[in-house]
Amino acid sequence: QPGVRYSIEHPLEYVERNGKCFVTLLEAIVAQNPPTARPYLVYASSSSVYGLNEKIPFSEHDRVDRPSNLYGSTKRFNEITALAYHNIYKLPSVGCRFFTVYGPWGRPDMAAYKFADKIENGLPIKVYNSGKMK
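So in our numbering, the last one in the sequence shown is 156, and the numbering has no gaps at all.
It is worth saying that the hints were derived from the structure and are not from the lab. A hint or two may mislead.
[Said to hold, decoys possible] If you anchor each label on the Cβ, the simulated ranges turn out as follows:
1. K148 - A106: 40 to 46 Å
2. H32 - L74: 18 to 24 Å
3. P114 - T46: 17 to 23 Å
4. G153 - P114: 43 to 49 Å
5. P57 - K154: 24 to 30 Å
6. H108 - E38: 32 to 38 Å
7. K154 - T122: 17 to 23 Å
8. A138 - E35: 25 to 31 Å
9. C43 - L74: 24 to 30 Å
10. Q54 - S152: 52 to 58 Å
11. N75 - Q54: 34 to 40 Å
12. A53 - F120: 25 to 31 Å
13. Y62 - L145: 42 to 48 Å
[Said to hold, decoys possible] DSS-like mimics (lysine-lysine), calculated; alpha carbons at most 27 Å apart, straight line:
14. K148 - K136
15. K77 - K148
16. K154 - K140
17. K154 - K77
18. K154 - K136
Bear in mind that the values here come from a model prediction, so they are computed numbers and not experimental data. Ideal Cβ placement from N, Cα and C applies to all residues, glycine included.
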């Protein structure tokens, strides 16, 4: 269950799923013997790690030390933990900071799906900030 809103309502589930489960995965990988049998880890992070960063557009070089929500902070925890496992165990990994994901497994509460539904049903699209987007 990804997303900022859900993490606000269910914070302990996010710590469990994004923190504990990620470390469990890392431990299972480093337990592989010989170490050459270990897979290269590619994992999903999130654009939410940028938190209160005001610079737009974001860059992978931007600060990520000002979280705006628990979801983003748990994803940042995963990034830092993956780095620690690289330093300790030489485990190679890359985290992909996804923004909005579209496609058959996309979430219906995301903008693209909401817009498509409103357009298909001839309904107005709600515009925030008086339409003044950066």
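Structure-based check of all given hints:
1. K148 - A106: 40 to 46 Å: Holds, at about 42 Å.
2. H32 - L74: 18 to 24 Å: holds, 22 Å
3. P114 - T46: 17 to 23 Å: holds, 19 Å
4. G153 - P114: 43 to 49 Å: With a Cβ separation near 44 Å, G153 and P114 satisfy 43 to 49 Å, so the hint holds.
5. P57 - K154: 24 to 30 Å: Once the Cβ atoms are compared, 53 Å apart, the range 24 to 30 Å for K154 and P57 is violated.
6. H108 - E38: 32 to 38 Å: Given a distance of about 24 Å, which is not inside 32 to 38 Å, the answer is violated.
7. K154 - T122: 17 to 23 Å: At roughly 20 Å between Cβ atoms, T122 and K154 fall inside 17 to 23 Å, so the hint holds.
8. A138 - E35: 25 to 31 Å: Given range 25 to 31 Å: holds, Cβ gap about 29 Å.
9. C43 - L74: 24 to 30 Å: Given a distance of about 26 Å, which is inside 24 to 30 Å, the answer is holds.
10. Q54 - S152: 52 to 58 Å: holds, 54 Å
11. N75 - Q54: 34 to 40 Å: holds, 36 Å
12. A53 - F120: 25 to 31 Å: At roughly 28 Å between Cβ atoms, F120 and A53 fall inside 25 to 31 Å, so the hint holds.
13. Y62 - L145: 42 to 48 Å: Holds: the Cβ-Cβ distance is about 46 Å, inside 42 to 48 Å.
14. K148 - K136: Holds: K148 and K136 sit about 10 Å apart, inside 27 Å.
15. K77 - K148: holds, 25 Å
16. K154 - K140: The given pair, whose Cα atoms are some 20 Å apart, holds under the 27 Å limit.
17. K154 - K77: OK: K154 and K77 at ~16 Å, within 27 Å.
18. K154 - K136: holds, 19 Å
Consistency with the previously given hints fails for numbers 5, 6, ordered from lowest to highest.
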